[in-house]
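J.: The lines below spell out each chain.
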Amino acid sequence: MMAGGLATASQAKLTWLRFRRHRMAMVGLGIVLLMYLVALFAEPVAPFNPDKSNARLVFHPPQMVQFFDGWAFSPHVLAYRLARDPVTLQPRYVADGSRKVRLRFFVAGDPYKLWGLFDGTIHLIGPENAGDTVFILGADRQGRDVLSRMIHGARASLSIGLVGVSISLVLGITLGGLSGFFGGRVDWGVQRVIEFIISLPTIPIWLALAAILPKEWSPMAIYFTITLIISLVGWTELARVVRGRFLALRGDSFVTAAWLDGCSQGRIIFRHMLPSLTSHIIAAVTLAIPNMILAETALSFLGLGLKPPAISWGALLREAQNVQSIAAAPWLLLPGAAVALTVLALNFLGDGLRDAADPYAH
Amino acid sequence: MPTNPILEVRGLRTYFPLGRRVLKAVDDVSFRLHAGETLCIVGESGSGKSITARSILQIVGPPGRIMGGEILYRRADGSVVDIAGLGAKAAAMRALRGREIAMIFQEPMTSLSPIHRIGWQIMEGLLAHKMMGRAEARARAVELLRQVEIPQPEQAVDRFPFEFSGGMRQRAMIAMALACNPRVLIADEPTTALDVTTQAEILRLIRRLQQAHGLAVLFITHDMGVVAQIADNVLVMRQGEVVERAPTAELFASPHHPYTIRLLQAATALGMAAPPARRAAALGAPFLRVRDLSLTYPAQARLFGRAQPPTQAVKRVSFDLHEGENLGIVGESGSGKTTLGSCLIRVLQPSAGRIEYDLRAGGTRDLAGLDRVGLKPVHREIRMVFQDPFASLNPRMTVGQCIGEPLLVNGLMQGAALAQRVEKLLGMVGLGGDVAVRYPHAFSGGQRQRIVIARALALDPRLIIADEATSALDVTLRRQILDLLLELQPELGLSFIFISHDLGVIRYFCDRIAVMHRGEIVEIGTADAICAWPQMPYTQRLLAAVPEADPARRGLLAEGMG
Numbered sequence: 001m002m003a004g005g006l007a008t009a010s011q012a013k014l015t016w017l018r019f020r021r022h023r024m025a026m027v028g029l030g031i032v033l034l035m036y037l038v039a040l041f042a043e044p045v046a047p048f049n050p051d052k053s054n055a056r057l058v059f060h061p062p063q064m065v066q067f068f069d070g071w072a073f074s075p076h077v078l079a080y081r082l083a084r085d086p087v088t089l090q091p092r093y094v095a096d097g098s099r100k101v102r103l104r105f106f107v108a109g110d111p112y113k114l115w116g117l118f119d120g121t122i123h124l125i126g127p128e129n130a131g132d133t134v135f136i137l138g139a140d141r142q143g144r145d146v147l148s149r150m151i152h153g154a155r156a157s158l159s160i161g162l163v164g165v166s167i168s169l170v171l172g173i174t175l176g177g178l179s180g181f182f183g184g185r186v187d188w189g190v191q192r193v194i195e196f197i198i199s200l201p202t203i204p205i206w207l208a209l210a211a212i213l214p215k216e217w218s219p220m221a222i223y224f225t226i227t228l229i230i231s232l233v234g235w236t237e238l239a240r241v242v243r244g245r246f247l248a249l250r251g252d253s254f255v256t257a258a259w260l261d262g263c264s265q266g267r268i269i270f271r272h273m274l275p276s277l278t279s280h281i282i283a284a285v286t287l288a289i290p291n292m293i294l295a296e297t298a299l300s301f302l303g304l305g306l307k308p309p310a311i312s313w314g315a316l317l318r319e320a321q322n323v324q325s326i327a328a329a330p331w332l333l334l335p336g337a338a339v340a341l342t343v344l345a346l347n348f349l350g351d352g353l354r355d356a357a358d359p360y361a362h
Numbered sequence: 001m002p003t004n005p006i007l008e009v010r011g012l013r014t015y016f017p018l019g020r021r022v023l024k025a026v027d028d029v030s031f032r033l034h035a036g037e038t039l040c041i042v043g044e045s046g047s048g049k050s051i052t053a054r055s056i057l058q059i060v061g062p063p064g065r066i067m068g069g070e071i072l073y074r075r076a077d078g079s080v081v082d083i084a085g086l087g088a089k090a091a092a093m094r095a096l097r098g099r100e101i102a103m104i105f106q107e108p109m110t111s112l113s114p115i116h117r118i119g120w121q122i123m124e125g126l127l128a129h130k131m132m133g134r135a136e137a138r139a140r141a142v143e144l145l146r147q148v149e150i151p152q153p154e155q156a157v158d159r160f161p162f163e164f165s166g167g168m169r170q171r172a173m174i175a176m177a178l179a180c181n182p183r184v185l186i187a188d189e190p191t192t193a194l195d196v197t198t199q200a201e202i203l204r205l206i207r208r209l210q211q212a213h214g215l216a217v218l219f220i221t222h223d224m225g226v227v228a229q230i231a232d233n234v235l236v237m238r239q240g241e242v243v244e245r246a247p248t249a250e251l252f253a254s255p256h257h258p259y260t261i262r263l264l265q266a267a268t269a270l271g272m273a274a275p276p277a278r279r280a281a282a283l284g285a286p287f288l289r290v291r292d293l294s295l296t297y298p299a300q301a302r303l304f305g306r307a308q309p310p311t312q313a314v315k316r317v318s319f320d321l322h323e324g325e326n327l328g329i330v331g332e333s334g335s336g337k338t339t340l341g342s343c344l345i346r347v348l349q350p351s352a353g354r355i356e357y358d359l360r361a362g363g364t365r366d367l368a369g370l371d372r373v374g375l376k377p378v379h380r381e382i383r384m385v386f387q388d389p390f391a392s393l394n395p396r397m398t399v400g401q402c403i404g405e406p407l408l409v410n411g412l413m414q415g416a417a418l419a420q421r422v423e424k425l426l427g428m429v430g431l432g433g434d435v436a437v438r439y440p441h442a443f444s445g446g447q448r449q450r451i452v453i454a455r456a457l458a459l460d461p462r463l464i465i466a467d468e469a470t471s472a473l474d475v476t477l478r479r480q481i482l483d484l485l486l487e488l489q490p491e492l493g494l495s496f497i498f499i500s501h502d503l504g505v506i507r508y509f510c511d512r513i514a515v516m517h518r519g520e521i522v523e524i525g526t527a528d529a530i531c532a533w534p535q536m537p538y539t540q541r542l543l544a545a546v547p548e549a550d551p552a553r554r555g556l557l558a559e560g561m562g
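Top to bottom, those sequences are chains A and B. For the first sequence, the residue numbers in my numbering are 1 to 362. For the second sequence, the residue numbers in my numbering are 1 to 562.
Note that these hints are calculated values from the structure, not bench results. Incorrect hints may have been included.
[Said to hold, decoys possible] Derived DSBU-like pairs (lysine-lysine); straight-line CA-CA distance at most 35 angstroms:
1. K24(B) x K13(A)
2. K424(B) x K13(A)
3. K89(B) x K130(B)
[To be verified] Every beta carbon over 12 angstroms from chain A, so not counted as near; a handful from chain B, in silico:
4. E107
5. S111
6. G125
7. Q211
8. H213
9. P247
10. P258
11. S351
12. R380
13. I382
14. C402
15. G404
16. E405
17. T476
18. Y538
All C-beta atoms in this analysis are idealised placements derived from N, C-alpha and C, irrespective of residue type, glycine included.
The shape of chain A in the complex, shown without the other chains:
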């Protein structure tokens, strides 16, 4: 008999203890949490208004942040000025060693409305003088700050994952649960539907569905429709996971025991079976979010998802569609790196959760 804390440790606690030992998953969890926090507070975190364009700062290159000035801690960037190549007469940005733009935390800058509700001007980081510009990740072809746009884009891209997965989850648990618990004809029917949906070629279907969206819809309406389209295809995987677990559990003797104890069907499902599934479901959900994010990116990149002025990582990547802009401004590909980082982090997190989900599996 084990004594002490472990003996009275609940399922959730055991899962957490196991999860904590999974180093990659912990890193993944950290990155994911950070990403979602940034997306949630996009307005104050972004140094500038993502839509503020400046025709004189087109394709401004990224500026390296220097943390020390001499021996004093004073983060700053070197200002650039536009010069012309004396031979080719091409415009070029040159670092101007004489002028430093100092950065400060919590400075007043572009006004914004947080979540469309609260007015504010304070930004997490920004130039000391509100008039200056700093392009940590460069500027796009209209002179807009890529970093600010990526931070705002994260909101659409990351939330589409969550909202889409929530819809998939409801569909998946309901249909998968029915399928697994009742078996027989219900199971047969649900399984054939799932197989049919899986057999559909997703990209053309998405394209077709996205193409019939009316052009005059607001970006918000389009956003929700896109989410719905993506999750209607995405629920199948979850339904299969839930069904499989239900089928496995149905044969476990503690479920039979519960039935013999006189438990009602509802109590068997909600008190005995579902709690055994939650950890598996959380893991499956975490692994499904990256697919949603990738789907949104692909759709928006193809110009069928979110359209300007809405910002998402996929929409931002549209800027990098032609070779000339990539040659002139390779930093326009950075939203792609953000997608890759998020997807990797979510996958590590999901793997860790899946391993930790069953503390009794050896």
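Could you slot chain B onto chain A? The hints should help.
T.: Below, chain B without anything else, positioned relative to chain A:
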């Protein structure tokens, strides 16, 4: 016996580093094994006996590592090699594995590759060690299958494992192990997953092959009965250490270590020679009458090939159960005994027959015809104890919640009264009331089975159906659980239907025994009568196959030697 041992293990230590802890699976184990000798390593689960065997072949799974000691193997030419000094993947190690030292495993179902033909699997070792060509290897495979007494070896060589029964697969495993003419055979619980009659055949086969080839056999088992029947020398292991070693007769006659004594007591108490716990008392009136109960699984229509014929899992079973009686149902795997138990409590729906049950409050019900609602009051009086104590408790509920569940959902008790009742139940099964807040994972198998029993007792039942309730437990725990049930019986006015493959357990616990074979009850009678004067040939065979924990009476092997 030659003076030079073929295998000598000195101070072997195999550890498993687990986080901050180190599990000393094998701690300072030494023994010698001579040609032609059978050395049994006996111990309960977790004693390190399997890891010892695996260390010799360097097939301990990670994170296990051999930390020290020597494993000296003497080759036929007299040269000695220290296996512990070789790398697990070294060529010298591979040359030994299978070629000189072969191993057979416990689970015949999983230790053969399902996608390769039997013959191919036997030939693989021969070809890998480059001992002969393909055609010759095939001929040798057929010859080996003949040696292990598989009928029609010429055809069997091209069969797949799934076409073989458990006993046949274990024979094929032995053929594989013997393919390269090894000098040492390590058998790791080779008969544990088999029925007793099959076990007896396999043990006889190993003995015969040992004598024919002069093999040294290292036999790992937890069953003192098997030890008594086959061992020359015995090593008793506990928690990674050797607690006692002696020649078999000496060990059984005068064990020294208290653990050995306990192990032997447990084995003999449940043996066929010991006095049973129950003296047939005056029986009350029958309250459960089973008549012509059958369960037939319908024919399976198939898209391709022949349709499966209908399977008769239970065939026209009839018996009575009297007030205060313990009825044992014994049979080998596939005999339908578990299916019968599930029909009685109506987890399964029988296809024909009647189960007449007198409710305590009066009134008779035919359980075979009841629906969900009708079964509810019956399920308060008939309870079930399952085989696997690890699967029958919900891991997400505390022990208190598990035990209190039947009282709660039947609306009998809640709050403080429920907590009090749970504490009382825990006391009845010998656990302290303070364990109620713990989760099942904090308990060992034996303790869990006590919790399951407490849950069964919660509704103050009249009949408990125990399906292999002690089979997953170590032998020293088995008797404790049986004694616990017997102790509670008169106090609570219980009857039991005890389903098991273990005749010793049934004989110890039950007043009457029903022997099942292929879905039918072939013989039913008092425990004494069945065990002393079995009438049916099947019962006689079953009884003869039980390994007795007495080295002076080696009936098991002698019979087949003829």
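J.: Evaluate each hint against the coordinates.
T.: Hints, one by one, checked against the model:
1. K24(B) x K13(A): The given pair, whose Cα atoms are some 28 angstroms apart, holds under the 35 angstroms limit.
2. K424(B) x K13(A): Status holds; Cα separation ~29 angstroms.
3. K89(B) x K130(B): holds (18 angstroms)
4. E107: holds (16 angstroms)
5. S111: holds (19 angstroms)
6. G125: Answer for G125(B): holds, closest chain A Cβ roughly 30 angstroms.
7. Q211: holds (40 angstroms)
8. H213: The claim stands: H213(B) keeps its Cβ more than 12 angstroms from every Cβ of chain A (closest is about 38 angstroms).
9. P247: holds (37 angstroms)
10. P258: Nearest chain A Cβ is 21 angstroms from P258(B), so the label holds.
11. S351: holds (18 angstroms)
12. R380: violated (7 angstroms)
13. I382: Violated: least Cβ distance 9 angstroms, not greater than 12 angstroms.
14. C402: violated (8 angstroms)
15. G404: Non-interface label fails for G404(B): nearest chain A Cβ at 10 angstroms, not farther than 12 angstroms.
16. E405: Nearest chain A Cβ is 5 angstroms from E405(B), so the label is violated.
17. T476: The claim holds: T476(B) sits with its nearest Cβ about 16 angstroms from chain A, beyond 12 angstroms.
18. Y538: Fine: 29 angstroms to the nearest Cβ keeps Y538(B) off the interface.
Hint compliance for this structure: hints 12, 13, 14, 15, 16 are not met, and every other hint is.
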